[in-house]
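Model the full assembly from the supplied sequences, consistent with the hints where possible.
The residues making up each chain are set out below.
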Amino acid sequence: MKILVPVKRVIDYNVKVRVKPDQTGVDLANVKMSMNPFCEIAVEEAVRLKEKGVATEVVVVSIGPAQAQETIRTALAMGADRGVLIQTDVDVEPLEVAKLLKAVVAEEAPQIVLMGKQAIDGDNNAVGQMLSALLDWPQATYASKIEIDGAKAKVTREVDGGLQTLELDLPAVITADLRLNEPRYASLPNIMKAKKKPIDAKAAADYGVALGGHLKVLKVTEPPKRTAGVKVENAAELVAKLKTEAGVI
Amino acid sequence: MAVLVVADHDNTSLKDNTHKTVTAAKALSGDIDILVAGQGVDGVAAEAAKIEGVRKVLVAESPELGKQIAEAQADAVLALAGGYDAILIPATGVGKNFAPRVAAKLDVAPISEIIEVVSNDTFVRPIYAGNALETIQSSDAKKVITVRATAFKAAGEGGSAAIEKVGAGAGAPKTHFVSEEIVKSDRPELAAAKIVVSGGRAMGSAEEFQRVIEPLADKLGAAVGASRAAVDAGYAPNDYQVGQTGKVVAPQLYVAVGISGAIQHLAGMKDSKVIVAINKEADAPIFQVADYGLVADYKTAIPELMDALTAVGK
Ligand SMILES: Cc1cc2nc3c(=O)[nH]c(=O)nc-3n(C[C@H](O)[C@H](O)[C@H](O)COP(=O)(O)OP(=O)(O)OC[C@H]3O[C@@H](n4cnc5c(N)ncnc54)[C@H](O)[C@@H]3O)c2cc1C
Ligand SMILES: Nc1ncnc2c1ncn2[C@@H]1O[C@H](COP(=O)(O)O)[C@@H](O)[C@H]1O
Numbered sequence: 017m018k019i020l021v022p023v024k025r026v027i028d029y030n031v032k033v034r035v036k037p038d039q040t041g042v043d044l045a046n047v048k049m050s051m052n053p054f055c056e057i058a059v060e061e062a063v064r065l066k067e068k069g070v071a072t073e074v075v076v077v078s079i080g081p082a083q084a085q086e087t088i089r090t091a092l093a094m095g096a097d098r099g100v101l102i103q104t105d106v107d108v109e110p111l112e113v114a115k116l117l118k119a120v121v122a123e124e125a126p127q128i129v130l131m132g133k134q135a136i137d138g139d140n141n142a143v144g145q146m147l148s149a150l151l152d153w154p155q156a157t158y159a160s161k162i163e164i165d166g167a168k169a170k171v172t173r174e175v176d177g178g179l180q181t182l183e184l185d186l187p188a189v190i191t192a193d194l195r196l197n198e199p200r201y202a203s204l205p206n207i208m209k210a211k212k213k214p215i216d217a218k219a220a221a222d223y224g225v226a227l228g229g230h231l232k233v234l235k236v237t238e239p240p241k242r243t244a245g246v247k248v249e250n251a252a253e254l255v256a257k258l259k260t261e262a263g264v265i
Numbered sequence: 143m144a145v146l147v148v149a150d151h152d153n154t155s156l157k158d159n160t161h162k163t164v165t166a167a168k169a170l171s172g173d174i175d176i177l178v179a180g181q182g183v184d185g186v187a188a189e190a191a192k193i194e195g196v197r198k199v200l201v202a203e204s205p206e207l208g209k210q211i212a213e214a215q216a217d218a219v220l221a222l223a224g225g226y227d228a229i230l231i232p233a234t235g236v237g238k239n240f241a242p243r244v245a246a247k248l249d250v251a252p253i254s255e256i257i258e259v260v261s262n263d264t265f266v267r268p269i270y271a272g273n274a275l276e277t278i279q280s281s282d283a284k285k286v287i288t289v290r291a292t293a294f295k296a297a298g299e300g301g302s303a304a305i306e307k308v309g310a311g312a313g314a315p316k317t318h319f320v321s322e323e324i325v326k327s328d329r330p331e332l333a334a335a336k337i338v339v340s341g342g343r344a345m346g347s348a349e350e351f352q353r354v355i356e357p358l359a360d361k362l363g364a365a366v367g368a369s370r371a372a373v374d375a376g377y378a379p380n381d382y383q384v385g386q387t388g389k390v391v392a393p394q395l396y397v398a399v400g401i402s403g404a405i406q407h408l409a410g411m412k413d414s415k416v417i418v419a420i421n422k423e424a425d426a427p428i429f430q431v432a433d434y435g436l437v438a439d440y441k442t443a444i445p446e447l448m449d450a451l452t453a454v455g456k
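So the sequences go chain by chain: A and B. Numbered by this note's numbering, the letters in the first sequence go through residues 17 to 265 in order. Numbered by this note's numbering, the letters in the second sequence go through residues 143 to 456 in order.
Watch out, some of these pointers could steer you wrong.
Said to hold, decoys possible - Chain B regions said to be covered by chain A (calculated; three or more residues, Cβ under 8 Å):
no.	stretch
1	166 to 176
2	427 to 439
Unchecked claim - Computed, partial: chain A to chain B, Cβ under 10 Å:
no.	residue
3	Thr72
4	Leu182
5	Thr237
In short, the hints are calculated from the structure, not lab data. The structure presented is a predicted model; accordingly, all values stated were derived computationally and were not measured. Ideal Cβ positions, reconstructed from N, Cα and C, are used throughout, including at glycine.
Written out as structure tokens, the structure reads:
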């Protein structure tokens with residue numbers, strides 16, 4: 017069984033994001049970029065399924081600038097077999113990402129698309145659900161456990177009130193949540209090996225998907241800042257302030 | 143313009159997120175209908191009909207809708223989508239699970255977690271864990287939007303909308319419900335609570351989390367939250383997680399105990415009215431957003447806090 021894992025190159029989660037003074041976006045110049053953490057979890061899970069003998073091949077795909085190749089290499093070093101880079105310098109909207117991924121699915125014919133629940137730059141939490149809808153494949157988002165049994169996937173999901181378990185007829189789209197696994201660090205030999213693994217270079221036009229369609233960013237601004245308040249000496253002072261000054265208890 | 147609001151509920155009661163989403167819908171100026179999709183939801187529909195400014199309440203029922211299966215929920219909405227210019231869905235775990243499907247099927251770009259309606263086609267939404275706000279304009283004729291409820295006031299009651307049954311749509315033939323573990327609690331719900339007490343990694347164990355955080359929450363009539371570190375370590379259930387990729391809360395009072403204040407955590411609570419931080423490190427980042435900071439070991443601070451609350455009649 018083949019697993020396709022879409023991975024996104026995003027600002028590293030540790031970086032303090034700065035809004036550009038001209039309000040056109042956030043400053044990405046000389047900023048550390050990494051694989052989106054949820055995509056990392058998805059890659060890890062796919063590689064584990066391969067190690068268990070459930071999957072036979074793990075293909076990663078990224079849509080983004082030339083440097084997204086590094087993100088694909090990271091996934092290859094973790095154990096994925098090969099990559100596809102759909103290179104573009106424009107910001108691709110979730111709908112367009114989903115359409116491109118649909119086209120990749122048509123080409124690769126995976127049984128599972130395993131992806132992140134959310135990219136931590138746009139915080140959309142949308143592409144997996146959209147891809148599932150476009151493919152008419154069943155979906156299980158926010159997975160904290162995945163078991164594959166023949167032509168079915170049993171997925172435990174993190175939901176508002178606790179956990180829900182679904183069984184999906186494969187092929188299916190599954191999105192990873194934080195508790196699914198803890199991604200490995202690639203070893204040096206595996207990083208070296210990854211350099212030799214193939215990456216296909218593609219363009220959006222190869223798949224007949226037009227970019228830059230539906231949404232226009234008018235401006236990007238800083239949120240209102242919260243300022244530090246006061247330090248209290250002890251619990252009694254805290255309670256007094258909460259009661260009389262803040263009036264919240 | 144006609145707007146469809148999809149109700150947030152658990153088949154038994156209507157959630158306040160619905161009232162807040164109706165307020166966002168009002169900013170779009172037009173007729174507002176509410177869809178209640180679920181199973182055995184007469185009571186929920188009756189509550190929805192009381193929200194002020196609602197034209198009618200549509201009720202779709204099936205077992206799959208009762209289990210909040212995304213494919214079924216999206217189908218129920220799609221069956222009605224033709225009659226609406228905008229579809230507004232509360233940005234809860236459930237809402238975010240099916241809203242993008244609706245958008246994909248309509249070939250429109252979903253607009254996630256808006257916090258402001260600027261005009262009928264322009265919206266503000268947080269990106270990068272709330273470290274930036276994006277103002278976006280949509281050129282789609284039909285808009286599919288999820289709404290961050292904490293950014294809107296709840297619409298009032300006093301309406302008496304008509305209730306109508308509608309079809310449930312095609313359902314989810316390839317997705318099968320197996321089981322669920324939903325924790326029932328007598329405490330207020332995290333997303334809607336007026337006070338939230340959250341514990342972090344400092345708790346060190348599930349027993350300690352229960353021993354320290356829960357009595358304090360009970361004393362304050364508060365909901366319980368947690369940091370990702372506390373959830374990952376198994377001190378608290380997953381649905382307690384507050385943050386960028388967990389729940390977003392904006393209570394009157396947020397008390398963070400033994401939480402450092404990583405940006406991903408702040409993303410979920412920095413719109414709280416009053417923030418209290420209890421942390422033994424004076425330079426913990428949480429103090430930069432706290433209105434009241436207590437630099438102390440929680441092991442001594444929490445018992446003292448309990449006593450001080452008792453002293454004022456709590
Ligand atoms: C993709 C991604 C998504 C994430 N999403 C979220 C999210 O939604 N929500 C979230 O919370 N995090 C999220 N995180 C994790 C986040 O980056 C932090 O790791 C996490 O919030 C830290 O939790 P913490 O503050 O409990 O632990 P720590 O950072 O370890 O802080 C513990 C604090 O407790 C204090 N302390 C220790 N002992 C005591 C004591 N005895 N008394 C008082 N204070 C004490 C310490 O001084 C310290 O400040 C995410 C991370 C990633 C990469
Ligand atoms: N540009 C991209 N290239 C590859 N995968 C992507 C891209 N954008 C989003 N994804 C996938 O979709 C998931 C959810 O992203 P989003 O819906 O944008 O929050 C990510 O975790 C990725 O798996």
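Cross-check of the supplied hints:
Coverage of a stretch by a chain is defined here by at least three residues with a beta carbon nearer than 8 Å to that chain's beta carbons; for the stretch 166 to 176 of chain B and chain A the count is 0, and the condition is violated. Here's how the stretch 427 to 439 of chain B fares: 10 of its residues keep a CB closer than 8 Å to some CB of chain A, so the rule of at least three is met and the hint holds. Hint on A/Thr72 is violated. Least Cβ distance to chain B is approximately 23 Å, over the 10 Å limit. The beta carbon of A/Leu182 comes within 6 Å of a beta carbon in chain B, closer than 10 Å, and the hint placing it at the interface holds.
Given hint, A/Thr237 at the interface with chain B, holds; its Cβ is 5 Å from that chain's nearest Cβ, closer than 10 Å.
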